[in-house]
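**Student:** Protein chains in written order, with the UniProt record's numbering: chain A, 1 to 195; chain B, 1 to 313; chain C, 1 to 535.
Keep in mind the hints are simulated off the structure, nothing from the lab.
Source: prediction; values computed, not measured.
Treat the hints with care, as some may be off.
As the list claims (entries may be wrong) - These stretches of chain C come out as covered by chain B in the derived footprint (C-beta under 8 Å, 3 or more residues):
no., region
1, 43-55
2, 232-246
3, 500-508
Unchecked claim - Derived CB-CB ranges, DEER-like:
no., chain 1, residue 1, chain 2, residue 2, range
4, C, A533, A, R9, 27 to 33 Å
5, A, R61, C, A533, 24 to 30 Å
6, C, A52, A, S58, 57 to 63 Å
7, C, R186, A, R61, 56 to 62 Å
Even for Gly, the Cβ is constructed at its ideal location relative to N, Cα and C.
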Amino acid sequence: MPPTAGTVRVLGADPAALSGRERRRLRARVGTVHQALELVGRLRVVHDVNAGRLAQWSAARAAWSLVRPQGLPEVLAALERVGLADRAFERTERLSGGQRQRVAIARLLVQEPDLVLADEPASALDPVLADRVLALLGEPALARGGALVTALHDPGLVRRHCGRVVGLAEGRVVLDRPVAALSASDLAEFYGAAM
Amino acid sequence: MGARRVARSGGPEAQSLLPPLSRRALLAGAGVALAAAVTGCGGPAAPTSPGPLRVGAIPDQDPEVLQRLYGAVADALSGALDVEVEYTPVTDYAAAVSLFRTGDLDLVWFGGLTGVQARLQTPGAEPVAQRDIDQAFTSVFVVNAATGLAPSDDLTALALLRFTYGSETSTSGRLMPAWFLREAGVDPQGFPGGPGFSGSHDATLALVASGSYQAGVLNAQVWRSRTEGGAVDPAVVRYAETPPYSDYHWLLGPRAAERTGVPDLRDRLLDFFSGLPAGSPVLELFGAGAFVPVQASDHDRIEEIGRDLGLVS
Amino acid sequence: MTAVLDRAAAPPVLRRDRRRWAWGVGAAAVLLWSLAGAGLFSGDVVNPGGTAQFGRFASAALSPALDAQFLGVLARSALVTVAYAAAGTALALLLGAAGAALVSRTTWGRRRAGWLAARGVLAVPRGLHEAVWGLLLVNVLGLDPWVGVLAIGLPYGAVTAKVFADLVDEVPRGAYRALRAAGAGRPAAALYGLLPPAAGGLLSYALYRLECAVRSAVVLGMVGAGGLGYQLALSFASLRWEQVWSAVYALSLLCLVADVAGRAVRRRLAAPPPSSRRDPVLTATVAGTVVLVGWSCWYLALSPASLVSERTAAQLAHVWGAAWPPATDGDLLRTIGVLAVDTVQMSVVAIAVALLGAVLLAGPAARPAGRSSSGRRVVGALVRGGLLLLRAVPPPVWALVLLFVLMPGVLPGALALGVYTLGVLGRLAAEATEELDPRPRAALTALGARPVGAWLYGVLPLAAGPVLAYALYRWEVAIRDTVLVGLLGAGGLGALLASELATFDWAAATTVLAAVVVLTWLVDLVSDRARAALR
Chain A
1 MPPTAGTVRV
11 LGADPAALSG
21 RERRRLRARV
31 GTVHQALELV
41 GRLRVVHDVN
51 AGRLAQWSAA
61 RAAWSLVRPQ
71 GLPEVLAALE
81 RVGLADRAFE
91 RTERLSGGQR
101 QRVAIARLLV
111 QEPDLVLADE
121 PASALDPVLA
131 DRVLALLGEP
141 ALARGGALVT
151 ALHDPGLVRR
161 HCGRVVGLAE
171 GRVVLDRPVA
181 ALSASDLAEF
191 YGAAM
Chain B
1 MGARRVARSG
11 GPEAQSLLPP
21 LSRRALLAGA
31 GVALAAAVTG
41 CGGPAAPTSP
51 GPLRVGAIPD
61 QDPEVLQRLY
71 GAVADALSGA
81 LDVEVEYTPV
91 TDYAAAVSLF
101 RTGDLDLVWF
111 GGLTGVQARL
121 QTPGAEPVAQ
131 RDIDQAFTSV
141 FVVNAATGLA
151 PSDDLTALAL
161 LRFTYGSETS
171 TSGRLMPAWF
181 LREAGVDPQG
191 FPGGPGFSGS
201 HDATLALVAS
211 GSYQAGVLNA
221 QVWRSRTEGG
231 AVDPAVVRYA
241 ETPPYSDYHW
251 LLGPRAAERT
261 GVPDLRDRLL
271 DFFSGLPAGS
281 PVLELFGAGA
291 FVPVQASDHD
301 RIEEIGRDLG
311 LVS
Chain C
1 MTAVLDRAAA
11 PPVLRRDRRR
21 WAWGVGAAAV
31 LLWSLAGAGL
41 FSGDVVNPGG
51 TAQFGRFASA
61 ALSPALDAQF
71 LGVLARSALV
81 TVAYAAAGTA
91 LALLLGAAGA
101 ALVSRTTWGR
111 RRAGWLAARG
121 VLAVPRGLHE
131 AVWGLLLVNV
141 LGLDPWVGVL
151 AIGLPYGAVT
161 AKVFADLVDE
171 VPRGAYRALR
181 AAGAGRPAAA
191 LYGLLPPAAG
201 GLLSYALYRL
211 ECAVRSAVVL
221 GMVGAGGLGY
231 QLALSFASLR
241 WEQVWSAVYA
251 LSLLCLVADV
261 AGRAVRRRLA
271 APPPSSRRDP
281 VLTATVAGTV
291 VLVGWSCWYL
301 ALSPASLVSE
311 RTAAQLAHVW
321 GAAWPPATDG
331 DLLRTIGVLA
341 VDTVQMSVVA
351 IAVALLGAVL
361 LAGPAARPAG
371 RSSSGRRVVG
381 ALVRGGLLLL
391 RAVPPPVWAL
401 VLLFVLMPGV
411 LPGALALGVY
421 TLGVLGRLAA
431 EATEELDPRP
441 RAALTALGAR
451 PVGAWLYGVL
461 PLAAGPVLAY
471 ALYRWEVAIR
481 DTVLVGLLGA
491 GGLGALLASE
501 LATFDWAAAT
511 TVLAAVVVLT
521 WLVDLVSDRA
531 RAALR
């Protein structure tokens, strides 16, 4: 979707100006999590995780992997880190909502993106798990000097996991400062404005 | 009520022959009595007013032309006999035989074998007339040019080729060729992969032209008309022709005279057909010089062969 | 939760679902066996010499006969075809509604034996093709228009009964149980508790049947019941391809109208407008259908009296007397056994071809959700139009033109059925694809997957289930359709049946028909098991 005005820059490039191949390469560097809705329930967990590497794989390898899973050690390692290594060969649809979300994160781990976009990754989780998930989400990008961009509603999580906070209300930036400098009054004012 | 049949057959006359009022009357419920009167025609109660003569034909050669031009035959018949005549085209050999048996068709242009089948199933049915050419009809064996076979009377060379007949109960496309093949010592069911049944003489020509079947057999009349019309693919070569046999004929149903109210219907039909002047459109349509009388016994040989080959039971 | 996260897991192993694995291996083996039976691994199957004949058929598609007289004939024939389709469907729905009550689990409750017996009875009318019904009925009813109406109504009625019963059985039981508990009788409770929730599905299925009935009416025409099929058969017998194509286009148009109307109604049913009033579109559809059926009965001059007339009874007695008892001589039974194998192989090859084609074409044929480029829309319309033509050309025509370019045997018939079934299955697969959740595929594209990769991981796993289920369902239909191809000469049990009917050997024909019914029933059983394994 081209912007109606101005330009969009992602990791230093303007997606609208790129060729198909270059754009695909750019996409491979950006990981996204949408509340686990992007998973394919009929696939086994291992394939759903491996789907993170489709940008690198040829069509033939992608097809063969559905028969004989490729790069199994990396997949198992990623699943190990989200605590689902023992479920690798189950169908994703048999997993609970929280488990599926962790499968989505495992996909992100094998994708190794430079930038992670996560839409309310903590909304369906209990507080302990939410912390755990956010820590995992940040890892793949941070390890390569990239960034995690995430939408959160819980200021506590923001303070613990983020470096910079941007508040949006009705499409405008109304708050933008380092988390360290975030004060209680900022928050009160922001939520007041957002109401 | 013939209108109903015309509607079924979808012929061009569908509209004109069917008074809308009768349909509405049917819908209103009065049709029950009407229909009972009509469908009861096969029963003991004779209808008070004479019904139309129902003429049918089996689709052997160019059924498409038959359908367009049979109107001419019906008109000529109607004028000569002074009875209403309805033409019903039928697409299927077996259906024509069955409809003759059920009394839905009174006068049918049958092939030799189907005529025998219909006569055996319908006691009292009588052959009326046949064309001059039907007294000595023949079939033509054709081969694909790639076989390299030169015309010959030796049918044994065909035994090793992929071979197709026409329609399964066609006299000229199946029965008689099969008989002459057997006479020549060739198993009529024994070609490589078994014989094919193309369904029509034109399909036989096209299949032999394609080479899918290397040889086939068809009605000599169709072969001549297609050759003269230049419609035969050069890949199809005439190989042999069968000895003559008796083929097509008009067969009249047992209840027709009573139903149409013409007691001497058979004689008058014979008079009509044999009295057609040379060059009449009916003769032209049938590709004949004249119609001649025919007896049931003229087809005894066909019946015998049919029984022999398991086509008449 | 933490405990789970930190647990040291034993290394997992890939365990295949044994049942599905067995079905997959079995299907592959049967396919190989069928291809071998079709002669694919032994000698030449293609006949390049026939390309000119095939080309004549294909190029005529671009120059259909358009003279006014022929078009007039076609227009009137189309009316007959529509009348047969509408009257036949109406009868099927009546029979189906009555039959559904007899075969639904709700009626039988725990009496499983009774339920199985009722379903078994339905397998008989369902196992015979409409064309076979037509040929049988001509012998009893002669030229009466009931032949065409019954030939569509009886087999369709049996299928409809089964589908209606399944639809009603799938409705959640809560409301029905509550009504029963409150003292309502079974029929009343079903009327209030089961029918309303199932009504949408029932109506939608009824419209789908109407479109199928148009195609069936054409096939019936080919065996002599009038209408478009009759014109098509006439032109086909003398190989006038230009006229054949005109008839095919006319039929496509009818199918298209039925399809578009059905789609509009289905969409209305899926998302009813937010209003408590009756939906005017649906009301108009139902009213229009009733008017159409009334017109059809009037146009065909259907009269109930001819069904019970003396002549009908006499002819029925004649046919029954000739057909019973069935022939049981060893030669015939052996031949039936051999040809039954041919028939199964033919149907398997047909379904495999159709499935492969459907999987490849479903993507382009599906209407993309949301906006799409005009090029994509043109391709979609072309593919959908192509599928429509594939199913509008009757299988016997396909069989002959494929015989031009293939060596004689099981293969041309199998491919003819395959091409025709592809027309039906491709459309069903495209619809299944349209209904898929688009998000997984979008997510894969977003992470940089190639289109093929996104399709393999985001579409195929989701579409495979429904498309395979449709294919298995069509397999049973294909068994019946092999009879149709055979009737016009392409091998299998159909060829045998055609020859028994042509020689009026009724006793043998009865045996062959019984064999077809049993075969259909067995295939239904296997395909039902396979569908269960897919779930």
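**Student:** Do the Cβ positions of A/R61 and C/A533 conform to the proposed distance bound of 24 to 30 Å?
**Tutor:** Given about 29 Å between the Cβ atoms, the range holds.
**Student:** May I ask you to test the hint 27 to 33 Å on the CB atoms belonging to C/A533 and A/R9?
**Tutor:** For C/A533 and A/R9 the Cβ distance comes to about 51 Å; the hint is violated.
**Student:** At least three residues with a C-beta closer than 8 Å to a C-beta of chain B: is that true for the region 43-55 of chain C?
**Tutor:** holds (count 6)
**Student:** Do three or more residues of the region 232-246 of chain C come closer than 8 Å to chain B, measuring C-beta to C-beta?
**Tutor:** holds (count 8)
**Student:** Taking 56 to 62 Å as the stated bounds, is the beta-carbon spacing between C/R186 and A/R61 within them?
**Tutor:** holds (59 Å)
**Student:** Could you tell me whether the CB distance from C/A52 to A/S58 stays inside 57 to 63 Å?
**Tutor:** About 42 Å separates the Cβ atoms of C/A52 and A/S58, which means 57 to 63 Å is violated.
**Student:** Taking a Cβ-Cβ distance under 8 Å as contact, does the region 500-508 of chain C have three or more residues in contact with chain B?
**Tutor:** holds (count 5)
Consistency note: the structure conflicts with the earlier hints numbered 4, 6.
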